[in-house]
Amino acid sequence: MKETAANFIAKSTIKAADKEHRRKINFNIGKYNAVVPQGKEQFTDVQLARERAKNIKWRAIEALDKQLEDFELTITRRGAKVIWAEDAQQALDAIQKICEAKGCKTLVKSKSMVTEEIHLNDFLEKIGIESVETDLGEYIQQLDGEPPYHIVTPAMHKSKEDVARLFAEKLGTDPKATPQQLTLTARKILRDKYVQADIGVTGANFIISDIGGIAVTENEGNARLSCAFPKTHIVIAGIEKVIPSMHDLALFWPLLSTFGTGQNVTVYNTIVTGPRQENEKDGPEEMYVILLDNGRTNILANEKQRESLYCIRCGACLNACPVYKNIGGHAYGATYSGPIGSVITPHLRGMEEWKHLSHASSLCGNCTEVCAVKINLHELLLDNRHEAAQEGYAPFAEKMIWKVWRIAMLRRSWMNMANGNMKTRLINKVAGSWTSHRGKLDFPQKSFNQQWKEKMGSK
Amino acid sequence: MANSTGMNVQLFIPCFIDQLYPETAFNMIKVLEKAGCTVSYNTSQTCCGQPAFNAGFWEESKAVCSKFLKDFEGTDLIVAPSASCAGFVKNYYSKLFDNSSMHHAVTELSNRIHEFSDFMVNILGIENVGASLKGKATYHDSCAGLRECRIKKEPRKLLANVKGLELTEMNDVETCCGFGGTFAVKFEHISIGMGEQKVENALATGAEYLISTDHSCLMHLQGYINQKGYHLKTMHIADVMASGW
Chain A
1 MKETAANFIA KSTIKAADKE HRRKINFNIG KYNAVVPQGK EQFTDVQLAR ERAKNIKWRA
61 IEALDKQLED FELTITRRGA KVIWAEDAQQ ALDAIQKICE AKGCKTLVKS KSMVTEEIHL
121 NDFLEKIGIE SVETDLGEYI QQLDGEPPYH IVTPAMHKSK EDVARLFAEK LGTDPKATPQ
181 QLTLTARKIL RDKYVQADIG VTGANFIISD IGGIAVTENE GNARLSCAFP KTHIVIAGIE
241 KVIPSMHDLA LFWPLLSTFG TGQNVTVYNT IVTGPRQENE KDGPEEMYVI LLDNGRTNIL
301 ANEKQRESLY CIRCGACLNA CPVYKNIGGH AYGATYSGPI GSVITPHLRG MEEWKHLSHA
361 SSLCGNCTEV CAVKINLHEL LLDNRHEAAQ EGYAPFAEKM IWKVWRIAML RRSWMNMANG
421 NMKTRLINKV AGSWTSHRGK LDFPQKSFNQ QWKEKMGSK
Chain B
1 MANSTGMNVQ LFIPCFIDQL YPETAFNMIK VLEKAGCTVS YNTSQTCCGQ PAFNAGFWEE
61 SKAVCSKFLK DFEGTDLIVA PSASCAGFVK NYYSKLFDNS SMHHAVTELS NRIHEFSDFM
121 VNILGIENVG ASLKGKATYH DSCAGLRECR IKKEPRKLLA NVKGLELTEM NDVETCCGFG
181 GTFAVKFEHI SIGMGEQKVE NALATGAEYL ISTDHSCLMH LQGYINQKGY HLKTMHIADV
241 MASGW
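Residue numbers (the numbering used here), protein chains in the order written: chain A, 1 to 459; chain B, 1 to 245.
By construction, these hints were calculated from the structure, which means they are not laboratory data.
A virtual CB, placed ideally from N, CA and C, is assigned to each residue, including glycine.
Possibly wrong hints are sitting among the right ones.
Distance ranges between label pairs, derived from CB positions [as the list claims (entries may be wrong)]: (1) H247/A / N8/B: 55 to 61 Å; (2) D18/A / A160/B: 34 to 40 Å; (3) S100/B / K19/A: 26 to 32 Å; (4) E208/B / T44/A: 54 to 60 Å; (5) Q390/A / K152/B: 44 to 50 Å; (6) A250/A / S40/B: 32 to 38 Å; (7) L184/A / K233/B: 50 to 56 Å; (8) A34/A / S40/B: 29 to 35 Å.
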């Protein structure tokens with residue numbers, strides 16, 4: 001077994017038995033489940049809205065090269081610089097170069113999964129730059145030295161008591177402080193950081209092709225400050241984030257909000273189309289947009305998997321996934337957890353190392369049911385399993401099992417050969433781990449098939 | 001219950017029902033015959049091909065699916081005591097036989113095959129089979145029932161007409177029980193964690209019976225229940241429908 005798979009089994013085994021973890025996650029996802037139906041009410045036909053969104057993303061991804069070039073052309077005209085990064089290292093090198101040119105000591109950033117993907121904070125720390133997370137959830141995670149637990153709600157696994165303890169330990173606040181007091185503490189610290197920061201880094205929820213802009217969705221205003229306050233704004237976005245037109249936001253903003261948090265629309269939605277223009281009073285002096293591939297073109301090249309690039313990272317599939325709810329976001333060991341993570345990680349980081357994630361699913365199909373853009377997530381997991389088998393990554397014993405299974409299933413007589421006692425012995429031996437928590441399987445002496453034949457024969 | 005439908009039906013008895021729960025197959029036959037169906041069973045049938053498909057071994061699966069297509073040729077409707085297997089034939093054969101000469105046969109087969117409660121309610125129009133079972137029960141929506149066969153009301157309608165049976169709904173009723181085929185063995189601890197929550201939700205209703213359309217879910221849950229020594233009995237819906245008469 002690969003190390004990644006062994007780690008996954010070890011971590012998920014611990015979490016699945018952790019009742020306190022289960023309680024917190026069920027509580028937080030329960031709150032989400034209660035509000036999402038309210039958000040959906042804003043759509044006259046939510047199914048149609050999802051289909052339209054899928055269609056728009058299909059159009060964007062099928063013409064991805066042109067969409068991105070149009071974006072580049074238009075935003076460049078307004079003075080932004082676009083950098084194409086094939087992998088994480090190229091993105092990091094570009095950021096380092098900008099930081100050095102600006103003499104950057106402190107950098108503020110908004111929540112962005114793609115910066116997690118390239119491990120930006122670790123990198124900046126190594127080159128002596130302070131990087132401060134300004135989203136409250138991310139700030140909590142940064143204080144705790146943990147990656148985000150969830151792509152939308154990074155500290156979902158922490159209760160308010162957990163956060164109060166953490167703040168007390170790291171910032172010396174009252175261990176019994178209320179969430180409001182804790183928020184004010186964080187706000188005060190972060191405001192100072194905004195003033196000190198030379199560079200602001202954000203992700204992009206959407207890359208808007210026609211107007212050459214990026215759109216950022218958030219609830220705290222921290223991303224807007226990160227865009228606007230420091231002298232330099234760096235955007236890092238995966239190339240799949242494209243939508244063809246600004247008009248598409250009329251659909252995608254409410255869709256992302258509803259499926260992400262149950263809101264009709266999030267509190268702050270910002271479109272940025274370049275640095276400060278000549279006639280403008282505020283905004284950064286310079287803006288850079290780093291368009292990151294980092295394995296996404298592998299998915300683009302794979303016709304079956306391509307639709308996973310439609311994902312708008314709303315997190316609905318995580319909240320709907322019984323596996324995610326049992327093992328939590330960290331057990332996956334990947335930047336993107338939950339069903340979408342299990343679908344894309346093998347293509348971003350290698351099938352052999354990450355194929356186990358596609359098997360760690362009961363295929364209940366609830367992810368597909370809730371996906372805002374109707375990605376057939378559980379079918380893509382099946383496609384991944386198929387790809388892994390075709391590439392020969394299954395263990396030898398498993399390959400043999402299916403060969404024998406095929407022979408047996410093609411000859412009915414084989415299924416009637418053994419009596420119940422023999423089957424009971426054999427199956428319970430083979431299915432070893434089945435029995436440890438579920439007891440033995442008891443086979444009746446004769447199969448239905450045998451009994452039917454005897455009954456019909458005697459008539 | 002009307003017993004003059006006179007419909008010919010083919011039985012599909014999935015491999016694990018055949019091997020582990022033959023009485024459920026006989027109970028389904030008993031109900032179908034009472035409903036006036038003439039039941040036939042092709043004794044050469046084996047499996048729908050789902051296990052290998054889900055494991056990623058599509059070539060092996062396709063060989064078995066081809067046999068299934070042959071075993072179930074004809075125009076009779078097909079009834080199976082499993083939403084998982086019926087759902088697989090309905091939704092995934094088309095993936096395997098895409099762009100092949102079998103395309104039409106597969107489309108036609110997917111329309112002919114029905115899960116038992118779907119068949120009773122939507123095809124025969126029968127909601128009361130005259131069954132009786134005393135006690136409190138809760139119904140578990142199998143994922144395949146809910147999301148592959150799109151049945152939710154059907155089993156509940158049948159159960160609502162069982163004399164003496166008091167039906168209550170559990171929390172998170174649409175959440176997977178954690179079986180998931182090889183998942184239950186490969187990722188046993190996650191599977192057990194999911195099963196535990198399902199069983200705890202069922203117990204919280206005070207039910208004595210946990211009923212579903214799928215023995216695959218129930219075999220996993222009953223195993224867990226037995227280990228814990230809980231007073232809760234899983235029952236296949238066909239077994240419930242054949243009770244008391």
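We went through each hint and held it up to the structure:
1. H247/A / N8/B: 55 to 61 Å: holds (56 Å)
2. D18/A / A160/B: 34 to 40 Å: For D18/A and A160/B the Cβ distance comes to about 39 Å; the hint holds.
3. S100/B / K19/A: 26 to 32 Å: Roughly 49 Å apart at Cβ, these two residues miss the hinted range, so it is violated.
4. E208/B / T44/A: 54 to 60 Å: Roughly 44 Å apart at Cβ, these two residues miss the hinted range, so it is violated.
5. Q390/A / K152/B: 44 to 50 Å: Given range 44 to 50 Å: violated, Cβ gap about 36 Å.
6. A250/A / S40/B: 32 to 38 Å: violated (57 Å)
7. L184/A / K233/B: 50 to 56 Å: holds (55 Å)
8. A34/A / S40/B: 29 to 35 Å: Once the Cβ atoms are compared, 50 Å apart, the range 29 to 35 Å for S40/B and A34/A is violated.
Comparing the model with each earlier hint shows violations of hints 3, 4, 5, 6, 8; every other hint is respected.
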